[in-house]
Amino acid sequence: MLEIRALEAGYGSVRVLHGVDLDVGEGEIVALLGSNGAGKSTLNNTLSGIIRPLGGAIRFDGRDVTGATSVKMVDLGVIQVPEGRRIFPNLTVRENLELGSYRRGREGRAAGIERVVAVFPRLSERFGQFAGTLSGGEQQMLAIGRGLMAQPKLLILDEPSLGLSPLLVEEMFSLIRDLHGEGLSILLVEQNVFQSLEIADRAYVLENGLIALQGPAEELVEDEGLKKSYLGM
Amino acid sequence: MELLGFQLPTYGWSTILGSAISGVFLGAIYALVALGLTLIYGVLHIINFAHGALLMLAMYAVYFLWHLGGVDPYLAMLIVVPGGFVFGYCLQRGVIGKTSHGRDEIILLVTLGVAIVIENAALFLFSADERNVQVPYDLDGIDLGVTYVVWTDLAALAGSLLITLALWLFMVRTDTGKAIRAVAKERQGARLVGINVDHIFAISFGIGTACVAAAASLLAPTYAVYPQFGYLFVLIAFTVVVLGGMGSFVGALVGGFVIGITEQLGRLYLGESLGLITISAIFILILLFRPTGLFGQKA
Ligand SMILES: Nc1ncnc2c1ncn2[C@@H]1O[C@H](COP(=O)(O)OP(=O)(O)O)[C@@H](O)[C@H]1O
Ligand SMILES: [Mg+2]
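Taken in sequence, the protein lines are chains H and R.
Residue 6 in the numbering used here sits at position 3 of the first sequence, and the numbers go up by one each step.
Residue 331 in the numbering used here sits at position 50 of the second sequence, and the numbers go up by one each step.
Next comes chain R alone, as it looks inside the complex (with noise of 0.2 Å):
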């Protein structure tokens, strides 16, 4: 096969779709980053700049509750999605809603500052060494013919699916996820009917960061963790953000897919460092030809 020129690997059909399978699971993952991301923009109308922090400080606690206690990455999930909530909560309420005064532009310049100072602080206690944590179960799967799967891949995915249908549910069914959609879109309004609007900022702001530690504990079997590992991954989720809408969530859940298995197919045929460029590209093309993504709306 030729592109521009460059002779590109020739693969079976099977290869490709073991490939294009992987990335399946990959994106999984990339659609649950996404998925805190796009909320707190939809809601807050900011790029959160301490995404990737968050979801790093949540791997370290997922990797010090079974270095440490033994538990389980899995069962972890039911103390660090708690904690992912309550300590996004406390950041929005008590340190970037305080210092920002409402206004967008120091708002986005806070989230950045508190990117630096976790990440140093990571640094500080936890060194720049790669953590991980091992299960017994790492390499046992399942053969599906075209490719050998792994549980804990399985896992990402049906535990991502389970997520974002769990929180589209909250979304659409209680009070609260009614008045996160209305704080998004009219916030006047919100206020009128006795919505607190600066609880329900902190609420969105603690659920995306709750996302962020529901995708630690998935990805920590799989990946080491060290102090900026959450750059490449959020760098992803927010090309991810902005291929399936800004605040979309069924963008989020299909640019994640999209994203993964180009990822994986860009590898195999641009081999592992190029293979990435595949990401940029399609950011940029995005950005050129339907800058609202595949489910955003005009603004």
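Next up, chain H with everything else stripped away, as it sits in the complex (with noise of 0.2 Å):
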């Protein structure tokens, strides 16, 4: 579905992606791991048309994405609910919505708020209100929310369980899961390395703007280099 060959990206002239090869098969879930500054959103960003890259290739569904603008790659279905929600504060919760929907016009709106009122009950009780009022983890709810309206083929989260309680973020994983579980592509930014990993069909780790390893989630999980760089075992 996703195949990303020797992608280069950086900003200005500072490369931070130095050849990066990753792929995501339909229907799976990828784990992306990687320390603070390894180039995680920068991979995102550069998948999303939000960084033009600077070398290599991306293709989606069997065609050449490479450099492809932001706005096609929305309506190709690669979403992504950024790192920080980056939701609209001054607008409400539905119209927060309405715009995750913004390229797919008004027919399938009303069921897809619906979709997401299922998902998340307790976004609908806020849905006058707006969105820069919520909590951290309604935000992040309202974040995939938004991304759901724009009826993702594949959907990129980027560190979705950041500055979450413990119990949420619980949630939030047994949440990816269904979302794979209805046939969803998922590629999942995150440093929870062990419950990512749990969930991943197959995850790579990026270090320092190059894939450092790559395998099925359950080899990893047993990775000494892994274990010791991040479980601290």
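Just so you know, the hints here were simulated from the structure itself, not pulled from any lab data.
Think of the CB as a built atom: it goes at the ideal place given N, C-alpha and C, for glycine as much as any other residue.
Any given hint could be a false lead.
[Claimed, not checked] Among chain R residues calculated to face chain H with C-beta under 10 Å, some are: (1) V453; (2) A463; (3) K466; (4) R472; (5) L473; (6) I476.
Make the complex out of the two chains shown on their own, each in a separate frame, by following the hints.
If you want it as structure tokens, here you go:
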């Protein structure tokens, strides 16, 4: 579904990704792990068309999308729920969801909102409220809800559990499992290495802009190097 | 009456009320010009220095439509408002956005440059002469007792209120309106839902220019146009924006009326030329005591 080859990207003259290869297959959850500053968000934003790649190639659904705009990527169904949520604080919860389907037109909107409410019943009590007034957990729900409104084929989740209470983190991971159960392909970026490997099919470890480790999730859990650097064991 | 040792003239209530009412009409136009300025500020986070030049240009468009084509200035709205939108859209997308590379301090200078180019072009093409549209009904009106109100003033008030209402509905009801508000506060998030941010910038600039074009139609029956026409209006509109709160629609409307009334009362008590001092005084007082304006949010 998604094939990334020798991808290079960065900011101005600073290169952050030095040739990354990564695949996400149809219906897979792929975890992208790595410490702070490794370049995970940079990779996501390059996939989303926010940053233009400096080299390499990206293919999605058999199509070359290297250097495609963010509008094009949304049209194709590559939807990112970004780190830090990036919801619209000055818009109501309902308006945030509506804008999630900005490129999808108004037809499926009511059904989409119903679906989001079914996943996050708590959001429906907040519909008329400005999104900026929500709690951190609610904002994260809204960000994911907004992403779902775009009818994603590939959902990119950038640190969805960041800043959530342990209880909400549990909820978040079971939600991701549910979405995967519905057949959604997911690229999950996380610092929560253990829990991510538990739900992922495969995983990659990004270090200094290069893939340092990769493999099936259950094999990586056993990897000595990974245990040392990320689990402190 | 005495103020700081100066002897102020004494007026009857009807004179004061009449002056305040004319301030309301003037304020409506200020509000409309300020609306465009505040929208562009709210979305692009820049002061559009070309706003006055665009008002002047629209005034010339209304004037020449009347002078050469016999088009009534109000009817001209049907041409200059869409025309203003397209001009503003292209100006942002083709010139300001292209040259500034998204850097705010450059955008500021580019709008200043655009203003200078438009003004000098106007001076070259149209000379420094004042020109005014003459309509047969410019003195017709209605006697309210305290004051005589001309229809053109009423039209300015009604037009400004209707346009503000229409713009507000557009901002809350349409996807494009929501996208404009989204881009104003969260550009990255907007890109991630597939909003073309450059397009939204240009639409905002286009709407801002369309507001100014509508204001030109409403002003044309009363004011003569010349190449520097926009300065005073935009200076005042800027005060309105600061008073109302940068980026606030309600603020632009309320601010417009407050400034219009203050100006007219200032003229009444301090005379034609000194009256404008009241506006500068308000400007300084807001910046000292309430820099976010009446309806502005903290940054
Ligand atoms: N907007 C930016 N401009 C310049 N450098 C950036 C920007 N965003 C991130 N970086 C740099 O790129 C590197 C990778 O960052 P990022 O992709 O956010 O890492 P991660 O998401 O893995 O924590 C870091 O060194 C960071 O400082
Ligand atoms: Mg990150």
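Consistency of the hints with the structure:
| no. | hint | verdict |
| --- | --- | --- |
| 1 | V453 | 8 Å, holds |
| 2 | A463 | 4 Å, holds |
| 3 | K466 | 5 Å, holds |
| 4 | R472 | 4 Å, holds |
| 5 | L473 | 5 Å, holds |
| 6 | I476 | 6 Å, holds |
Consistency note: the structure conflicts with none of the earlier hints.
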